[in-house]
Amino acid sequence: MPTKEEGKQWLRTVIAKHLPTGVSHYNGFVYAGGLVTNAFGGECDPQPQEGKVVDESAEWLLVKVATSSMFAIDKGLLEHVPDVGAVVRITPYARRRFDGTRLDVPAKKDPIAGTVTNVFVICEARSELPVDKGSIRCPFLRDLVEQVEERVAPDGIRTIAQVLIDAGAVNLPVGMRDPSEEDEILAPPTLQFRINNTRFKGFLNIVLDRATDSFTVQLAEHDTWSVVKEERHVYFSSLAAVIVSLVDDGKWRFAKVDVLKSAPRRTKAAA
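In the UniProt record's numbering, the protein residues as written are 1 to 271.
Since the hints were derived computationally from the structure, they do not count as laboratory data.
Note that the structure is predicted; figures quoted are calculated from it, not measured.
Beta carbons are placed, not taken as given, at the ideal position from N, Cα and C, and that holds for glycine.
It is possible that part of the hints are untrue.
[What the hints assert, rightly or not] Straight-line C-alpha distance at most 30 Å; calculated BS3-like pairs for lysine-lysine:
hint: 1; residue 1: K64; residue 2: K201
hint: 2; residue 1: K64; residue 2: K52
hint: 3; residue 1: K261; residue 2: K229
hint: 4; residue 1: K229; residue 2: K8
hint: 5; residue 1: K52; residue 2: K229
hint: 6; residue 1: K133; residue 2: K4
hint: 7; residue 1: K75; residue 2: K17
hint: 8; residue 1: K251; residue 2: K8
hint: 9; residue 1: K251; residue 2: K75
hint: 10; residue 1: K75; residue 2: K261
hint: 11; residue 1: K4; residue 2: K64
hint: 12; residue 1: K261; residue 2: K201
hint: 13; residue 1: K8; residue 2: K64
hint: 14; residue 1: K52; residue 2: K75
hint: 15; residue 1: K4; residue 2: K17
hint: 16; residue 1: K4; residue 2: K201
[Stated by the list, open to error] Derived Cβ-Cβ restraints for the label pairs, each shown as a range:
hint: 17; residue 1: D83; residue 2: G175; range: 23 to 29 Å
hint: 18; residue 1: F236; residue 2: P48; range: 47 to 53 Å
hint: 19; residue 1: A263; residue 2: V36; range: 26 to 32 Å
hint: 20; residue 1: R12; residue 2: H222; range: 48 to 54 Å
hint: 21; residue 1: F254; residue 2: E6; range: 49 to 55 Å
hint: 22; residue 1: D143; residue 2: H222; range: 26 to 32 Å
hint: 23; residue 1: V242; residue 2: S24; range: 25 to 31 Å
hint: 24; residue 1: A39; residue 2: D83; range: 29 to 35 Å
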C-alpha cells in the first residue's frame with residue numbers, strides 16, 4: 001500500500017495545474033488509511049470529503065474540495081473509483097458505537113427521565129457495550145466487558161467492540177450470562193453478539209473458562225444456536241486476534257463513495 005508521504009509527494013507534482021492563477025498556498029489532506037491527528041494532537045476519525053475529482057494516478061485520487069483545498073486518497077481504500085470530473089462525497093472508515101453513530105458525534109445521555117444531554121468527548125476511542133454495568137454481579141463478567149471495550153485489534157485502529165460492530169452487532173442487544181459465584185463453573189460468564197456480514201451470519205459467544213483462566217470463542221447458527229466453530233484456550237492477549245480471524249470480512253477498510261454528479265461524457269473526436 002502507498003504511504004502518506006508518497007501521497008504528499010504526488011500531490012506536490014500535480015497541485016499547480018489545479019490552483020487558480022496567483023494562488024501558491026493550499027491545504028492538502030492526504031489519506032492513506034488509519035486515524036488522523038487533529039489540532040489538539042489527538043487521534044480521531046477522518047471526516048467525509050466532498051468535491052470534484054480532478055486528477056488521478058495509478059495509486060491516488062485527487063478531489064478538489066475548495067478553491068485551494070485538496071483531498072488525496074489511496075485508491076485501494078475506495079469501494080469503487082469514480083471518474084475524473086465526477087462530483088463525489090468520500091466517507092473514510094470511522095469507528096462507531098453500538099447504536100451505529102460515529103464516535104465523534106455527541107452521545108445522548110438521559111440521566112433524568114425526560115432530559116437529554118449531548119455529551120461530546122474529544123478523540124473518543126471507546127465504544128461502550130449497551131449493557132447495564134451497574135447491575136452485573138459477576139466480577140469476571142465485568143472484567144470481560146471492560147476487555148471487549150478496551151482491547152485493541154491487530155489493525156491498531158479498532159477495539160474488539162468496534163470489530164464486532166463492523167461485523168454487524170449494531171442496534172441489537174448484547175446477550176449476557178451473569179452467574180452467581182456458586183454457578184460460575186457450571187454456567188460460566190458469557191457475552192453474546194449478533195454477527196451479520198459476508199463472513200458469517202449468526203452469533204459470536206465469548207465464554208470464560210474459570211478452570212484455565214481463558215476463554216472459549218464460539219460461532220453459533222442464528223436459527224438453531226448450534227456451535228459451528230470453536231476456539232478454546234484463548235487468553236486476553238490473543239482474544240482480539242481470534243475474534244478478528246473468525247468474523248472480520250475486511251470491508252470496513254473501504255471508504256464509501258457517493259457520486260453526487262457523474263463526470264461529463266467524453267465526446268469522440270471527429271474522424
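Going down the list of hints, with the structure as the test:
no. : hint                    : in the structure
1   : K64 - K201              : violated (40 Å)
2   : K64 - K52               : holds (5 Å)
3   : K261 - K229             : violated (46 Å)
4   : K229 - K8               : violated (45 Å)
5   : K52 - K229              : violated (47 Å)
6   : K133 - K4               : violated (41 Å)
7   : K75 - K17               : holds (21 Å)
8   : K251 - K8               : holds (26 Å)
9   : K251 - K75              : holds (14 Å)
10  : K75 - K261              : holds (19 Å)
11  : K4 - K64                : holds (18 Å)
12  : K261 - K201             : violated (35 Å)
13  : K8 - K64                : holds (15 Å)
14  : K52 - K75               : holds (15 Å)
15  : K4 - K17                : holds (21 Å)
16  : K4 - K201               : violated (35 Å)
17  : D83 - G175: 23 to 29 Å  : violated (46 Å)
18  : F236 - P48: 47 to 53 Å  : violated (35 Å)
19  : A263 - V36: 26 to 32 Å  : holds (28 Å)
20  : R12 - H222: 48 to 54 Å  : holds (51 Å)
21  : F254 - E6: 49 to 55 Å   : violated (20 Å)
22  : D143 - H222: 26 to 32 Å : holds (27 Å)
23  : V242 - S24: 25 to 31 Å  : violated (52 Å)
24  : A39 - D83: 29 to 35 Å   : holds (34 Å)
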